[in-house]
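S.K.: Sequence:
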Amino acid sequence: MKICYPCKIVKDQDDKYFISFPNFPEALTEGETVEEALFNASEALTLTLEGRAEEGIDIPFPPQTESEHMIYPSSRVQAALLVRFSRKGRKIADLARSLGTSWPAASHMEDLHHWTTLRQLDKMAAILGKRLVVSFEDNKAH
Numbered sequence: 002m003k004i005c006y007p008c009k010i011v012k013d014q015d016d017k018y019f020i021s022f023p024n025f026p027e028a029l030t031e032g033e034t035v036e037e038a039l040f041n042a043s044e045a046l047t048l049t050l051e052g053r054a055e056e057g058i059d060i061p062f063p064p065q066t067e068s069e070h071m072i073y074p075s076s077r078v079q080a081a082l083l084v085r086f087s088r089k090g091r092k093i094a095d096l097a098r099s100l101g102t103s104w105p106a107a108s109h110m111e112d113l114h115h116w117t118t119l120r121q122l123d124k125m126a127a128i129l130g131k132r133l134v135v136s137f138e139d140n141k142a143h
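Everything in the sequence shown is counted per my numbering, starting at 2 for the first residue and increasing by one.
Because the hints were derived from the structure by calculation, they are not lab data.
For clarity, every value in this text was computed on a predicted model and none was experimentally measured.
It cannot be assumed that every hint is accurate.
Simulated restraints on C-beta separations [said to hold, decoys possible]:
id, residue 1, residue 2, range
1, MET2, THR118, 17 to 23 Å
2, ALA106, GLU27, 18 to 24 Å
3, SER103, SER136, 27 to 33 Å
By construction, the Cβ of each residue, glycine as well, lies at the ideal position given by its N, Cα and C atoms.
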């Protein structure tokens with residue numbers, strides 16, 4: 002599962018590029034070039050997702066269809082959302098027992114401000130019947 006969302010790019014009469022997200026009407030950004038706008042889009046998406054989590058506003062599941070420009074939030078936010086979306090209603094307490102850790106430690110794995118370690122993510126993935134895949138990808142237009 003990839004945690005990324007489509008964006009729309011519109012060029013205005015002043016040659017600036019504006020980005021919006023169909024899934025997040027509150028997430029808007031711009032740039033002097035397409036590359037700058039796309040770079041800014043990742044930060045805007047990250048801040049939007051963090052804000053929604055803090056306010057208790059629903060974060061939609063990432064669309065499974067891709068558009069021309071798919072934007073990834075920060076890796077920290079991606080990790081937390083992977084756990085959140087993958088547990089499918091399993092209780093944090095049950096996951097904590099399976100991990101051999103406390104409820105707060107397991108709960109932090111869904112906290113968009115918490116840096117979860119690869120070791121913790123790997124263990125969580127196994128418990129959820131998944132496997133953790135780590136890769137480097139080219140940083141072109143997201």
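S.K.: Evaluate each hint against the coordinates.
M.R.: How the hints compare with the structure:
1. MET2 with THR118: 17 to 23 Å: holds (19 Å)
2. ALA106 with GLU27: 18 to 24 Å: violated (31 Å)
3. SER103 with SER136: 27 to 33 Å: holds (31 Å)
Going down the numbered hints, you'll see the structure goes against just number 2.
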